[in-house]
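Number of protein chains: 2
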Amino acid sequence: MSDLKPINFTRGIPAIESFPADDVIDAALAALKAHGRTILQYGAAIGFAPLVEWLAQWQGVKTNQVLTSNGSLQLVEFLCWHLVKPGTIVFTEAPTYDRTLVLLRRHRAQVIGIPLQADGPDIGALEAELKKHTPLFFYVIPDFQNPAGATCSAEKRRQIAALAEKHNFLLLEDAPYRQLRYRGREEPRLLDLAPARTLHMSSFSKLIGPGPRIGFMFGDPALISKIAEVAGDTYISPNFLAQGVAYEWCRRGLLEPQIENLKALYTPRLDACLAALRKYVPDAKATRPDGGFFVSITLPDGVQTTAVRTAAAKRNLNLADGLAFFPNGGGERFLRLPYCALTTAEIDEGIRRLADTIKEL
Amino acid sequence: MSDLKPINFTRGIPAIESFPADDVIDAALAALKAHGRTILQYGAAIGFAPLVEWLAQWQGVKTNQVLTSNGSLQLVEFLCWHLVKPGTIVFTEAPTYDRTLVLLRRHRAQVIGIPLQADGPDIGALEAELKKHTPLFFYVIPDFQNPAGATCSAEKRRQIAALAEKHNFLLLEDAPYRQLRYRGREEPRLLDLAPARTLHMSSFSKLIGPGPRIGFMFGDPALISKIAEVAGDTYISPNFLAQGVAYEWCRRGLLEPQIENLKALYTPRLDACLAALRKYVPDAKATRPDGGFFVSITLPDGVQTTAVRTAAAKRNLNLADGLAFFPNGGGERFLRLPYCALTTAEIDEGIRRLADTIKEL
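If you're matching them up, the sequences are chains A and B in order. Residue numbers for the first sequence follow the working numbering, beginning at 283 and rising by one. Residue numbers for the second sequence follow the working numbering, beginning at 283 and rising by one.
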C-alpha cells in the first residue's frame, strides 16, 4: 500500500467542520428545559408538533401535509409498505440514489430507469416507457441529483408534472440538496407544479447534520396520514429528543445563516473539483453542477470504473463503483465524486491521483 | 359525556415525572462537547461505538453481539426482513405484545399463539405445536409480560431453552421491563440459558424515556451482523445524537439510581392497582406481577371487554380492547391495565369506575 494520505471520494457525507455544534448545545438545553417531558416521552408518529408546524411554515405547506421520520430514506420504505406490491412498477432516473434502489428491490418493485441528461430525465424516453407501463410513482431528485449532480430544468419539470397528471402516477421528489444552490436560479418544486400528486422529501442531514436523523415528507394529507400509520406501526414515534433540539435550533433563526455558511464552505470545493477535472482529466465528460454534493464523470472510452477503482486504491484514492446507481445495468464508466467533505487541496490531489491512475491502466 | 377527570388505562407509557430531564441536559452538554462531530455525522449501523461498548459491559455480552436501533420494536422488523418469508411460522405467547403481531403480519408470517399461564407459556401446548410445526423463532416476553404481567418461571425458561435446542428454532426474548423488578428474585435470561439461539431485546424507553428511541439487541455475532445490514439499508445509521446523550448519561453511573427511583415510584402504583382490584372487582381473575408496567384481568363470566370499554368511556375511563393481543382469536374478556403513568389515587378511582361500569352492564 501507498503511504499517501487516503482521499475518499466515496460517500456523500457533509464536512464535519460544517456542524453547528455550539448552537446545537444551546438548542438542546432550551429544548430539554422547555419541552423535556414531551421530548422524553412517546409522541405522535408524524413527529414533534412544534417542529412539524415550523417545517410547514418554512416550506409553505399545511401542517397536515407533513410527516417527519428518522432520516428521509425510511420514508421511502414506509411509502413502499403502504403502496408497493411485488411487481409494482416504479420509475427512477438512471442513474439514481443507490439506497432507494435497495429499498425498492426489497419490496420487489419492478424498477425502470429513465436515462438522466444534463438538464434532467430524458422526456422522450419517459414518454416511450409510459406507452408500455404506468408506474405507481416516478422517483426524481430534481436538484443537484445524487449521484449525477444534474439539475432538472423548469421546462422538464413542467413536462414531468403534466405527464404525471395525464397518466395518473405519483411523483416522489427527493430534494435534500435543494437549499444548497451555489449559483444560478432556483427552479420550481414538483410539489408546486403537481401538488396533488407529489410527495416531496427532504432532510436536515445536509443542513444541520445527519446524526439527529431528521427527514421529512410533504404531500396530500390523506396519503401522508396513511404513510404515518405505517411509520407508527414500525417504531411508534420518531426521535422526539432530536426533533426538540432541531426545533429550538430552527426557531432561533439559525437555519438561513447556516445555509449561507454551507454555501461559503462548499462553493470553493465544487470549483476546485471542476477545475481539477478540466486540468487533469479533460477527456472525461463531467457534469457542471450549480450546487449540492456531487460532480459525476463519464470516464474516457475503454476505461471502466471498476478497474480504475481497484487501481486507485493503490494510491490511497478510494472511489465508489458506479454500477449500483443504475437500476437496469450500465454505468460501467460512471464515477460519482462527492467533494463536500474534502478540502480544496485534497480535491485537487485526489483528482490528480485519479488522472494518474487512468493513465497507467 | 361525563365531566369526570379522564383516566387512561390504555398505553404502556412511563410516568412523565420519572424522566431525569436535568441529568439528560448535563449529558447532552457533555456529549456534544466531547463527541459533537461524531454524533452529528453519519455512523455505523450498529450504533454509537461508546454506547455499544457500554451496553456490552453492562449486560455481559461481547461488543460484536450488540445492535442498537431507534427503539427496540424496529429490531423485530429488521429480523423479519432478514429471515421471515410469507408463510414462515413464528410462535408467540397468547396474549402477546400487539405491535409485534402487526409487524409479523406485515411480513406475512404464520403466527401461532402458545397460551400464557401465570408462570409463563403452557409448555404442554408448546410441545404439542412443536409436533406439528417448527417455528423460525418463538417470541417470548419472559419478565412482567406485556400485556399479561406474568413472569416466566426459571423451570419453564429451562424447558423453553431445551426445546429450542432440540427442535432447532430461535428465541426472540423481549425484555424491556426486566430491570423493573419491585420484589422477588430475578430469573435467568433465555440469553443465558440458550446463548447461541437467543436474540435478547431491550430498550431505554422504560428506564430513561421513550423520546430518545434507544433500543438494543444482543445475540450471535453473525446473525447480529446480518440484521445490522438490514438496519443500515433502512436508515443508514440510528440516532447518534440521542445515543451520545444516553451514553454520557449511563457513563455517569445514573442508570442504577434511576432504576431505584423508578421502583420507588412504581411499586406503590402496582400495590394500589392490586388492592383496588381485590376491593372493587374481586370476581375478576387478576395477574399478580412482581414488576413491570402491567396488571391484566380476565373479566367475570359473560362480561366482554369490548362492551365494558364502550360503557367505561361514558365515565371518562379509557380502556384498550383485549383482542389485538391474541394472535389466533380469543381475549374477549381480557383487559390490560397499564398503571405506571397514573397516581395511586387515579388508579383507585379508575378501578372503582371499572367496577361500577361492570355492575351496570
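Everything labelled a hint here was simulated from the structure, so no lab data went into it. Mixed in with the good hints, there may be bad ones.
Heads up, incomplete: computed chain A residues facing chain B, CB under 8 Å, no partners named [stated by the list, open to error]:
(1) ALA303
(2) ILE321
(3) ALA326
(4) TRP340
(5) GLY342
(6) LEU355
(7) VAL585
Backbone N, C-alpha and C define an ideal beta-carbon position, used for all residues, glycine too.
Results of checking the hints against the structure:
At its closest, the beta carbon of A/ALA303 sits 4 Å from a beta carbon of chain B; the interface hint therefore holds under the 8 Å criterion. Here the hint on A/ILE321 is kept, as its CB sits about 5 Å from the closest CB of chain B, short of 8 Å. The restraint placing A/ALA326 at the interface with chain B is violated, with a minimum CB-CB distance near 12 Å, outside the 8 Å limit. Because the smallest distance between the Cβ of A/TRP340 and any Cβ of chain B comes to about 20 Å, over 8 Å, the interface hint for this residue is violated.
Look at A/GLY342: its Cβ only gets to about 27 Å from chain B, farther than 8 Å, so that hint breaks. Annotation: interface hint on A/LEU355 holds; nearest CB of chain B at approximately 6 Å, less than 8 Å. Hint status for A/VAL585 relative to chain B: violated, with the closest Cβ pair at about 30 Å, above 8 Å.
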